[in-house]
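Fit chain B to the known structure of chain A by using the hints.
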Amino acid sequence: MSETPVKVVVDLSKPKGQRESIIELTQAEIDEREVMATEAEAQRLVDEQAKADAEATRQSGLDKLIALGLTEAEALALVGA
Amino acid sequence: MTMTLVEQITVGSGGAASIEFTGIPQDGKDLKILVSARSETNSGDIMAYLNGDKTSGDFSRVLLKGNGGSVFSQDSSGANYLLINNGATESGDTANTFSSLEIYIPNYAGSQNKSISVNNVGENNATSSDISIYAAIWADTSAVTSFEIELNDDFAEHTTASLYIIS
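Protein sequence lines correspond, in order, to chains A and B. Using my numbering, the final residue of the first sequence is 81, and nothing's skipped along the way. Using my numbering, the final residue of the second sequence is 167, and nothing's skipped along the way.
Check the hints yourself; a few may be wrong.
[Stated by the list, open to error] Subject to a maximum C-alpha distance of 27 angstroms in a straight line, what follows is the list of computed BS3-like cross-link-like pairs (lysine-lysine):
1) A/51 with B/65
2) A/51 with A/64
3) B/29 with A/16
4) B/54 with B/29
5) A/14 with B/54
6) A/7 with B/54
7) B/29 with A/14
8) A/64 with B/65
9) B/65 with B/54
[To be verified] Chain B is nowhere near these chain A residues, computed Cβ spacing over 12 angstroms in every case:
10) 67
11) 70
12) 75
13) 78
14) 80
What the hints contain is simulated information worked out from the structure, not anything from laboratory work. Just so you know, these numbers come straight off a predicted model, no measurement behind them. Idealized CB from N, CA, C, for every residue including glycine.
Here chain A stands alone, though its shape is the one from the complex (with noise of 0.2 angstroms):
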């Protein structure tokens, strides 16, 4: 097993069977990879973020239905389960 990352490129361009390529990452790729690596790391911390805040929402909404004097199966009917 290599220590360096590996990618693997296939040229269509090539006949069948001469396509792939297994090349070493060089450094600045290896670079380049670990910012993209903190960009989607961040990205994804905001898309939980957003799913959890979504979720309060609908749980706020629930709460209040169930306090209006609905039951939980009509709240959750109106609210989707």
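Same frame as chain A, but now just chain B:
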């Protein structure tokens, strides 16, 4: 309509940071990429690129996702890649399972901005497992000549990627 498998590759032992198809023939109408992926770590987010563009901020997307317990939607723009959350099954998920990911790019050889649709299903025999759809665009009029997917970490051995041309 004819769908032609141009190439399928399988990641070998040791894994791979990325998988890239280059020299995509320009004689088709639409492009379809099917990926069955697993990450070597607990990070399964896939970044997809077209024509090696990693800096333009030309990717935008709208996503709808459910995970068995809740649903979630989001839109974002100005990204340097198309981020496909949990596009690969993660190492903590059920052993020896792989995601099912489909990426479709109509009119890939044309001179309009490129729309991209994505369907993704994670694989995990547990309470929570993601299913998601994306509508995305790459705001670039160039014909698509290369396609790359990348993980924060490595694609595990036996991950496969197949490229089809629809004509």
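Status of the hints after comparison with the structure:
1. Taking the CA atoms of residue 51 of chain A and residue 65 of chain B, the gap is near 10 angstroms; set against the 27 angstroms cutoff, the hint holds.
2. Under the criterion of a C-alpha separation no larger than 27 angstroms, the hint pairing residue 51 of chain A with residue 64 of chain A is consistent with the structure, at around 20 angstroms.
3. Of the supplied pair hints, the one linking residue 29 of chain B and residue 16 of chain A holds, its CA atoms being roughly 21 angstroms apart against a limit of 27 angstroms.
4. The suggested pairing of residue 54 of chain B with residue 29 of chain B holds, with an alpha-carbon distance near 25 angstroms, which does not exceed 27 angstroms.
5. Between residue 14 of chain A and residue 54 of chain B the CA atoms are separated by roughly 25 angstroms; this keeps the pair inside 27 angstroms, and the hint holds.
6. Taking the CA atoms of residue 7 of chain A and residue 54 of chain B, the gap is near 16 angstroms; set against the 27 angstroms cutoff, the hint holds.
7. Among the hinted pairs, residue 29 of chain B with residue 14 of chain A is consistent with the structure: their alpha-carbon atoms are about 21 angstroms apart, no more than 27 angstroms.
8. Using a Cα cut-off of 27 angstroms, the hinted pair residue 64 of chain A and residue 65 of chain B holds, with the two alpha carbons roughly 26 angstroms apart.
9. For a cut-off of 27 angstroms, the pair hint linking residue 65 of chain B to residue 54 of chain B stands: about 25 angstroms separates their Cα positions.
10. With 12 angstroms as the threshold on Cβ separation, the claim that residue 67 of chain A sits away from chain B holds: the shortest Cβ distance comes to roughly 22 angstroms.
11. For residue 70 of chain A, the condition that its CB be more than 12 angstroms from all CB atoms of chain B holds, with the nearest at approximately 20 angstroms.
12. Listed as a non-interface residue, residue 75 of chain A keeps its Cβ farther than 12 angstroms from every Cβ of chain B; the least gap is roughly 16 angstroms.
13. With a closest Cβ-Cβ approach of about 15 angstroms to chain B, residue 78 of chain A is found to remain outside the 12 angstroms limit, as its non-interface label requires.
14. Residue placement check: residue 80 of chain A does not keep its beta carbon more than 12 angstroms from all beta carbons of chain B (closest about 8 angstroms).
This entry does not satisfy hint 14, going by the numbered hints stated previously; all others are met.
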